[in-house]
Amino acid sequence: MRILLAEDDPMIGASVGRGLRQDGFAVDWVEDGRAAEAALGERVHDAIVLDLGLPRRTGLEVLGGMRRGGDTRPVLILTARDAVADRVAGLDAGADDYLVKPFDLDELSARLRALLRRGAGRAEPVLAHGEVELFPATREARFKGEPLSLSPREFALLEALIARPGAILSRVQLEDKLYGWADPVESNAVEVHIHALRRKLGADFIRNVRGVGWMVARPAPAQA
Amino acid sequence: MRSIRRELLVWLLLGLALGVAAAAVGTYLRAREEANALFDHQLEEMVASLTDAPFAPASGGAGGGGAGDDALVVQIWDRNGVQLYLSQPQRVLPKRAQLGFTNVHTDEGDWRVFSALAGNQVLQVAQPMHARRALAASMALRTIVPLLAMLPALGLLIWLIIAQGLKPLQRVAAAVARRSPTALEPLPERELPSEVQPLVQALNALLARLREALSAQRTFIADAAHELRTPLTAVHLQAQLAERATTDAERRGALADLKSGLERATRLSEQLLTLAREEPGVAERPVAPIDLHALARDVIRELAPLASAKSIDLGLIEPSAPGQPIVSGDVGALSTLVSNLIDNAVRYSPARGRVDVSALRDADRVVLTVRDTGPGIPPDERSRVFDRFYRGAHAENGSERGSGLGLAIVKRIAERHGAEIVLGEGIDGAGLGVTVRFPAAAA
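Top to bottom, those sequences are chains A and B. Residues in the first sequence are numbered consecutively from 1, following the numbering used here. Residues in the second sequence are numbered consecutively from 1001, following the numbering used here.
Bear in mind the hints are in silico, worked out from the structure with no lab data behind them. The C-beta atom is built at its ideal place from N, Cα and C for all residues, glycine as well. Treat the hints with caution; some may be incorrect.
[Said to hold, decoys possible] Taking beta-carbon pairs under 8 Å as the criterion, some of the chain A residues facing chain B (in silico):
(1) 9
(2) 11
(3) 12
(4) 15
(5) 16
(6) 18
(7) 80
(8) 81
(9) 101
(10) 102
(11) 104
(12) 105
(13) 109
[To be verified] In silico negatives: residues of chain A with every beta carbon more than 10 Å from chain B:
(14) 37
(15) 61
(16) 67
(17) 68
(18) 70
(19) 130
(20) 164
(21) 181
(22) 183
[What the hints assert, rightly or not] Some residues of chain B that are not near chain A, with every Cβ distance over 12 Å (derived):
(23) 1014
(24) 1022
(25) 1080
(26) 1117
(27) 1120
(28) 1139
(29) 1151
(30) 1233
(31) 1273
(32) 1365
(33) 1387
(34) 1420
Just chain B, with the same shape it has in the complex:
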């Protein structure tokens, strides 16, 4: 698992180490420069001191052999280029010299050479460069060793400081962990560092949304339980009446009532289930291009018996405008939408009424309309009829009494399909006209 603390520690220590390394390199370069100046001066001094006395020609092998690697090498030539003296014969140095300072590369390494003319002789002093480098390196090392020694202590300090810095996060985490799933009050936002505050604020915003969703859910469940009680009470009473029945005719009547009571309870539970399924984010259903005209025809075929039982003229209007009324959506949900609208229209229309359904393409929209000759919905009630369990006063009279869920389901499905619903007047200014405008599917 990633850990901010570990990562910070690693990167900070790495940064520190890089800093130390840079310091070492810097010290080394600087020290080498100084050593160069110092040693160059020394070479000059030495040559100056050697020019005081002339030298005799060197006898081969003579000279102070066995000197250390770092020792200076002195060569002396006469004017004719005859080597008069070589302090370390085993050393291989160029046989000729350029006056002044030069850098010379030999098999034995780099040399710093200073040559000067003294009378008839050329004096040359050479020093191996590695001596200078060693000096610079040791100076650099002296600088960084204490820093390196401090690294573990610094690491510990960083570790502790980060822990301290992350405490507010841990407090927030602990506060969230202590929560029961139902405790959705906002987390305290006071005295938080500015880095943690956005997180807590975002969490609080989420909690607020959850709280709303949960309370909506609770209301829905309470409403649903309440609404289920009504048909169940009816069934309970109808069953009792069936028990009490003393004659066959009474019993048959009571059982028929009981059956219709059960049908109502079943229908309500089915509608509740439909509504729950249409809750946003419950499940992603496959989306397909759907011809609303064809869909409406199928639904009308299903509902025709209901309409003909009330002698209601239920029909589909053939589209006059060109263009296929095709929307992109979930076929099951759209069937429910169309079916609920037509079912409502048929239920609330008086006998021998009329229900017209049409689905047509209008520019970039597909417009579904269901118009009836029923009692209609007064304008001031139109916004509320989509509320769950809302039943308009007009719906109270007569035997038709819905669950108050049909239009809520329609609204939910329409919302999910990006459609808008407009309630208006029905056929010839009477009744109810429901218009649902869908975005047309891309051709």
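Pulled out of the complex, with its shape left as it was, chain A reads as follows:
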């Protein structure tokens, strides 16, 4: 899952970015409102962590612009003001959740996972597909009820595919889920990870649509 972090304080931004990456998110960090809007335009992020006190364009302005433009991606606002009015303003402007500074990294990750889950229409904290279960909170996976060992990138890749069963994700789309701008993208990394996943889950679990991308099959009867 790829997160856009809009935070103007260098220390907070660096720490949140590092913490979220440790929790398995791909993170892009921007330091002002204009840059946040530019990044949102790329439509590669799954959720936005938005500080309200951004320079150039405030968090509320960015949020308002998003919602007016029909962008419904989950937004979690960070605010240093704990006045109820500020939080209400943020929520009314279309935020899905908020955290008051200072906040806890674990709480931020948990809330982001909940937002992403709800954004995908799931209430339960487990992603399940066939015999594969993913627990985003703990980065644990199970296959046929047995613990399955996955690298963070493998987990992220599988998570992206399972989140949209039946949809074909291109290599670029998958890379977007795996890497922030700052991360060096290894060539063929997606293929390497897919190969590893197939070895662990069986060749049929992830299907290759040649020249287009990869998908996990929609479990037809169960989805009716």
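Given the coordinates of chain A, work out where chain B should sit on it, guided by the hints.
Same frame as chain A, now just chain B:
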């Protein structure tokens, strides 16, 4: 304690008493005048009635002795000056007489004497003056006694009237006393007597100023709390990352970050404290003559390591003009001012930049300038950079990110020293040049 009511009562009663006394004196004088006229007439009448019959020579001791003090004394002489008659021999009266009215002073007091010639005899009637005075005094007394009797009643009346008159003051006092320290709305000014109105208006003006000061203070505290939250949040996150670290290298890195986060939080709290200390009216600091050139040299010595770490050429320009750049001020505050300006210049200048500092005497001013080769401040932002917690857009890029307090502190200190700050261009038209003009200390 002084009391308007008591003072008014005392002075009004005193005034009244003086009035009564004046009335008494007036009555007395007037009455005495009338008594004089009346008694003089009586004396004349008496002498006239005595001239009807001649008198035989007085035999010593004869006469109606034992008459009262107030009684008239009659003397009769013959043409040769032989006393024929003396009504009260024990009285000592002059033996000779001047015709008409005279005032005579004897050991027994003042006498009013009327003498007239009747045939061969001189008739003289004398009356003691104290009789007249007594009459006048009793008349005066009769006039003032009722007034004096009324004084206590008048006093009470005055007491009550003053109380009534002072009621608006008490209402104002009660209204002020009921206030909580945070209730700074103006007091009602309607239906107040014109004497109390200025007081209430002055109070309201004070309340308005207090309200402004309090709201500025509240804003400052809210801003300060907000600003402190940012570095504290960073420290909180950095501490969490240090906890999460699994390898020694990670932990070392996280702890180094945590340390710099703590340094930032400490610096901010120190700056907030400096700003609070520079609030007008907080404390009077000793003022001494200070050589700004020497002060700038000390500050540059302190900041040299910071500058050399960025390979910035930081230097002090020797004054070309004669005259000592001496200002009168608080040495601690002025060091902070100079240090903040140079620190800003060094922080925001790119590596291998240059920062020039100078302090020189210009007529009746001492001019401190700090010029750099940094990004400068666009003219439309220049008035706002002195606001607390204002950070220009230019200050956002790069790793240098100030607290937004440095220039606010500089401004406060400059204001306190009667100095003006002008932001302009830096070295060779690039960067920022800060000019602070102090009034020169009197030589």
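Hints, verified against the model:
1. 9: holds (5 Å)
2. 11: holds (4 Å)
3. 12: Hint holds; residue 12 of chain A Cβ to chain B Cβ min 5 Å, cut 8 Å.
4. 15: holds (4 Å)
5. 16: holds (6 Å)
6. 18: holds (6 Å)
7. 80: Where the cut-off is 8 Å and the nearest Cβ of chain B is about 4 Å from residue 80 of chain A, the hint holds.
8. 81: holds (6 Å)
9. 101: Holds, about 4 Å.
10. 102: Holds, because the Cβ-Cβ distance from residue 102 of chain A to chain B comes to roughly 4 Å (cut-off 8 Å).
11. 104: OK, holds: residue 104 of chain A within 8 Å of chain B, min 7 Å.
12. 105: holds (5 Å)
13. 109: violated (11 Å)
14. 37: holds (15 Å)
15. 61: holds (15 Å)
16. 67: holds (25 Å)
17. 68: The assertion about residue 68 of chain A holds, with a minimum of 24 Å to chain B.
18. 70: Residue 70 of chain A is indeed farther than 10 Å from all Cβ atoms of chain B, at 29 Å.
19. 130: holds (33 Å)
20. 164: At about 31 Å from chain B, residue 164 of chain A clears the 10 Å cut-off, so the statement holds.
21. 181: Fine: 17 Å to the nearest Cβ keeps residue 181 of chain A off the interface.
22. 183: holds (17 Å)
23. 1014: About 64 Å separates residue 1014 of chain B from the closest Cβ of chain A, which puts it past 12 Å; holds.
24. 1022: Holds, since 74 Å exceeds 12 Å.
25. 1080: With a cut-off of 12 Å, residue 1080 of chain B remains clear of chain A, as the shortest Cβ separation is near 126 Å.
26. 1117: Holds, because the least Cβ-Cβ distance between residue 1117 of chain B and chain A comes to about 118 Å, which exceeds 12 Å.
27. 1120: holds (126 Å)
28. 1139: holds (87 Å)
29. 1151: holds (68 Å)
30. 1233: violated (4 Å)
31. 1273: holds (20 Å)
32. 1365: About 36 Å separates residue 1365 of chain B from the closest Cβ of chain A, which puts it past 12 Å; holds.
33. 1387: Label holds. Min Cβ-Cβ 14 Å, cutoff 12 Å.
34. 1420: Per Cβ check, residue 1420 of chain B is outside 12 Å of chain A; nearest 29 Å; holds.
In this structure, the hints that do not hold are numbers 13, 30, in rising order.
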